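Residue numbers (UniProt numbering), protein chains in the order written: chain Z, 1 to 328; chain H, 1 to 328.
Take the hints with a grain of salt, since some may be wrong.
Claimed, not checked - Restricting the straight-line Cα-Cα distance to at most 20 Å, the calculated cross-link-like pairs of lysine to aspartate or glutamate (EDC-like) are:
| no. | chain 1 | residue 1 | chain 2 | residue 2 |
| --- | --- | --- | --- | --- |
| 1 | Z | K202 | H | D311 |
| 2 | H | K162 | Z | D80 |
| 3 | H | K304 | Z | E165 |
| 4 | Z | K281 | H | D183 |
| 5 | H | K281 | Z | D183 |
| 6 | Z | K304 | H | D285 |
| 7 | Z | K9 | H | D142 |
| 8 | H | K304 | Z | E284 |
| 9 | H | K281 | Z | E182 |
| 10 | H | K9 | Z | D80 |
| 11 | Z | K304 | H | D286 |
| 12 | H | K121 | Z | D183 |
| 13 | Z | K281 | H | D311 |
| 14 | Z | K304 | H | E182 |
| 15 | Z | K304 | H | E165 |
| 16 | H | K9 | Z | E48 |
| 17 | H | K162 | Z | D83 |
| 18 | H | K58 | Z | E48 |
| 19 | H | K121 | Z | D7 |
| 20 | Z | K304 | H | D183 |
| 21 | H | K9 | Z | D7 |
| 22 | Z | K58 | H | E48 |
| 23 | Z | K202 | H | E165 |
| 24 | H | K9 | Z | D140 |
Quick caveat, the hints were computed from the structure, so don't treat them as lab data. All figures in this text were calculated on a predicted structure; none of them were measured in a lab.
Number of protein chains: 2
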Amino acid sequence: MSATKPDPKALRNALGTFTTGVTIITTRASDGTPVGLTANSFNSVSLEPPLVLWSLAKTAMSLPVFTEAEHWNVHVLSMDQQDLSNRFASKGEDKFKDLALDQGVTSAPLIGQCSARFQCKTAFVHDGGDHIIFIGEVLDFDHSTLPPLAFQCGQYALTARKPWEGVQLSQSEEPLDCNYNEDLLGYLLGRAHFQMMQGMQKELARFDLSPAHFFAVSVLAIQGGIDLTSLNAHIEYTGQSLDENQMAQLVHSGLVTCIGEKYALTDKGHQASLGQIAQAKAIEDDLVDEIGRGDVTALKLLLKRLIRQTDPGLPDLWSDAVRGAKHD
Amino acid sequence: MSATKPDPKALRNALGTFTTGVTIITTRASDGTPVGLTANSFNSVSLEPPLVLWSLAKTAMSLPVFTEAEHWNVHVLSMDQQDLSNRFASKGEDKFKDLALDQGVTSAPLIGQCSARFQCKTAFVHDGGDHIIFIGEVLDFDHSTLPPLAFQCGQYALTARKPWEGVQLSQSEEPLDCNYNEDLLGYLLGRAHFQMMQGMQKELARFDLSPAHFFAVSVLAIQGGIDLTSLNAHIEYTGQSLDENQMAQLVHSGLVTCIGEKYALTDKGHQASLGQIAQAKAIEDDLVDEIGRGDVTALKLLLKRLIRQTDPGLPDLWSDAVRGAKHD
Chain Z
1 MSATKPDPKA
11 LRNALGTFTT
21 GVTIITTRAS
31 DGTPVGLTAN
41 SFNSVSLEPP
51 LVLWSLAKTA
61 MSLPVFTEAE
71 HWNVHVLSMD
81 QQDLSNRFAS
91 KGEDKFKDLA
101 LDQGVTSAPL
111 IGQCSARFQC
121 KTAFVHDGGD
131 HIIFIGEVLD
141 FDHSTLPPLA
151 FQCGQYALTA
161 RKPWEGVQLS
171 QSEEPLDCNY
181 NEDLLGYLLG
191 RAHFQMMQGM
201 QKELARFDLS
211 PAHFFAVSVL
221 AIQGGIDLTS
231 LNAHIEYTGQ
241 SLDENQMAQL
251 VHSGLVTCIG
261 EKYALTDKGH
271 QASLGQIAQA
281 KAIEDDLVDE
291 IGRGDVTALK
301 LLLKRLIRQT
311 DPGLPDLWSD
321 AVRGAKHD
Chain H
1 MSATKPDPKA
11 LRNALGTFTT
21 GVTIITTRAS
31 DGTPVGLTAN
41 SFNSVSLEPP
51 LVLWSLAKTA
61 MSLPVFTEAE
71 HWNVHVLSMD
81 QQDLSNRFAS
91 KGEDKFKDLA
101 LDQGVTSAPL
111 IGQCSARFQC
121 KTAFVHDGGD
131 HIIFIGEVLD
141 FDHSTLPPLA
151 FQCGQYALTA
161 RKPWEGVQLS
171 QSEEPLDCNY
181 NEDLLGYLLG
191 RAHFQMMQGM
201 QKELARFDLS
211 PAHFFAVSVL
221 AIQGGIDLTS
231 LNAHIEYTGQ
241 SLDENQMAQL
251 VHSGLVTCIG
261 EKYALTDKGH
271 QASLGQIAQA
281 KAIEDDLVDE
291 IGRGDVTALK
301 LLLKRLIRQT
311 DPGLPDLWSD
321 AVRGAKHD
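With the hints as constraints, model all of the structure from the sequences given.
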């Protein structure tokens with residue numbers, strides 16, 4: 001770290017390292033028009049009396065409305081409300097278009113599906129340089145279990161929460177001189193994958209499916225009517241591939257049909273695949289119950305980023321698909 | 001969401017949904033004693049002039065020192081500074097014990113290894129219910145590339161940042177009626193694991209190792225001198241296991257030695273394992289360069305939480321180990 005003289009852009013970058021939630025703050029103009037904007041300058045101040053604060057740029061078009069308004073609502077956005085955040089951060093009109101509002105204790109617009117909401121009455125207004133600081137008394141509030149959206153270094157973010165007791169897989173302290181330890185990403189990915197596959201075992205055993213068979217059924221559930229070469233192109237990165245004998249086993253078990261040189265799932269194959277997907281989703285749902293939907297979504301986001309970075313150039317599984325999994 | 005009447009505990013929980021960073025704020029008493037505390041009530045206020053704020057409980061023992069002090073520093077903590085956060089959040093003495101301080105532009109203590117630091121001079125002090133709001137002018141600041149620590153719903157957290165362009169693996173829009181899609185956690189874990197294994201391929205090909213062989217070498221790198229049953233107990237959850245013929249191949253290739261019924265790595269086996277670990281770490285380092293150390297650490301944290309939840313009762317790989325990987 002090297003000290004620098006205050007410079008607005010560098011200062012903004014430094015301030016951005018402080019993680020925040022994302023809020024939408026709403027009020028109503030004297031003519032009844034709803035007004036709102038996205039802000040991450042929110043913070044709690046006091047519990048007794050209940051006070052919160054946020055600040056608004058003096059150049060903001062909505063400043064006169066907020067300084068005149070007696071009441072405003074703070075909405076702590078959930079991770080599913082990123083689009084709403086963008087909408088209220090833009091200068092476009094009609095921010096409230098098609099937005100169902102709840103009835104609050106004041107006339108200020110109250111948006112639903114948030115992580116928390118605070119209905120406030122202006123208590124103090126302070127000058128804060130190029131911003132005005134609004135301090136409000138919380139008249140009413142509520143909160144949900146919806147995982148919150150976060151913001152850090154100019155990007156939206158999800159959070160991976162750390163349990164207070166920590167997360168260590170091994171009961172024993174690892175020796176410092178052991179090169180192979182449980183903090184190695186490759187180990188964690190392998191163990192996580194194979195433990196998930198263990199949870200699939202019952203579904204796979206029903207049809208006596210090997211992992212390679214399972215991968216083939218999964219590909220055919222998305223892309224029906226492809227030949228063995230195309231099928232294997234989706235599977236070979238797993239270190240496995242299927243030959244005609246293995247495909248014959250799938251045909252023999254009634255899961256797959258072969259017309260010409262093209263393979264597709266039979267109705268029984270579709271049912272088997274749906275059972276496998278349902279099982280995979282059940283494992284995922286259990287995990288959501290245990291570690292939280294926000295954390296599972298963060299995990300999936302990070303896995304996608306890893307997959308994109310380490311992609312060896314796999315064919316697009318979902319493109320040009322003769323969809324094999326159509327169901328109502 | 002259901003509205004409730006203000007109640008301090010419920011209010012605290014609702015306010016906790018707003019994600020924050022974690023800061024340590026320091027100053028020096030008139031007698032020169034360094035004083036500091038952990039706070040997440042920090043926020044930026046203004047860029048021109050540069051102003052930031054934070055609030056301090058009126059009951060805080062350090063309140064008189066901060067109201068008297070002219071200068072204070074805000075440290076936005078990095079994800080590696082969780083212990084420091086806990087230390088400054090406690091009432092214990094000697095918070096600054098063994099803490100190397102940097103030279104700042106004022107006499108306020110300046111702590112290193114943070115994500116960002118703001119050296120401030122009190123500009124305004126406002127009453128805020130049971131707290132006092134300090135607004136400071138930023139005299140100097142700096143920031144590093146160290147990933148920041150976050151806090152949400154009473155827990156420390158790491159962040160999984162969302163790129164603005166989003167993360168979609170497939171080029172095509174997925175049909176709504178396709179049950180198997182790229183958002184299925186099981187798919188993402190499998191694909192991530194096998195892509196990582198692809199990156200290992202060159203190291204494994206050097207010794208003509210199958211995945212099962214690789215798993216065996218990895219276990220023996222940690223637990224040397226175990227019999228085939230014990231070895232397989234660590235591997236079987238992968239759906240693979242080794243028989244005596246496969247072990248004989250490893251012995252034949254010079255990587256493994258068999259004394260009695262116990263297997264252990266030879267020197268050549270240790271070298272091979274170190275090469276594999278180095279390759280796994282190189283892949284991980286590349287990923288850190290691409291998506292950031294904070295995000296990779298968040299991924300590992302989430303994988304560990306998943307592994308703990310889905311653990312079928314695997315034997316502890318690192319316990320009672322006759323360490324096989326000792327190297328200086």
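Hint check:
{"no.": "1", "hint": "Z:K202 - H:D311", "result": "holds (16 Å)"}
{"no.": "2", "hint": "H:K162 - Z:D80", "result": "holds (13 Å)"}
{"no.": "3", "hint": "H:K304 - Z:E165", "result": "holds (13 Å)"}
{"no.": "4", "hint": "Z:K281 - H:D183", "result": "holds (10 Å)"}
{"no.": "5", "hint": "H:K281 - Z:D183", "result": "holds (10 Å)"}
{"no.": "6", "hint": "Z:K304 - H:D285", "result": "holds (17 Å)"}
{"no.": "7", "hint": "Z:K9 - H:D142", "result": "holds (12 Å)"}
{"no.": "8", "hint": "H:K304 - Z:E284", "result": "holds (15 Å)"}
{"no.": "9", "hint": "H:K281 - Z:E182", "result": "holds (12 Å)"}
{"no.": "10", "hint": "H:K9 - Z:D80", "result": "violated (26 Å)"}
{"no.": "11", "hint": "Z:K304 - H:D286", "result": "holds (16 Å)"}
{"no.": "12", "hint": "H:K121 - Z:D183", "result": "violated (42 Å)"}
{"no.": "13", "hint": "Z:K281 - H:D311", "result": "holds (17 Å)"}
{"no.": "14", "hint": "Z:K304 - H:E182", "result": "holds (9 Å)"}
{"no.": "15", "hint": "Z:K304 - H:E165", "result": "holds (13 Å)"}
{"no.": "16", "hint": "H:K9 - Z:E48", "result": "holds (11 Å)"}
{"no.": "17", "hint": "H:K162 - Z:D83", "result": "holds (13 Å)"}
{"no.": "18", "hint": "H:K58 - Z:E48", "result": "holds (11 Å)"}
{"no.": "19", "hint": "H:K121 - Z:D7", "result": "holds (17 Å)"}
{"no.": "20", "hint": "Z:K304 - H:D183", "result": "holds (9 Å)"}
{"no.": "21", "hint": "H:K9 - Z:D7", "result": "violated (41 Å)"}
{"no.": "22", "hint": "Z:K58 - H:E48", "result": "holds (11 Å)"}
{"no.": "23", "hint": "Z:K202 - H:E165", "result": "violated (39 Å)"}
{"no.": "24", "hint": "H:K9 - Z:D140", "result": "holds (14 Å)"}
When held up to the earlier numbered hints, the structure conflicts with 10, 12, 21, 23 and fits the remainder.
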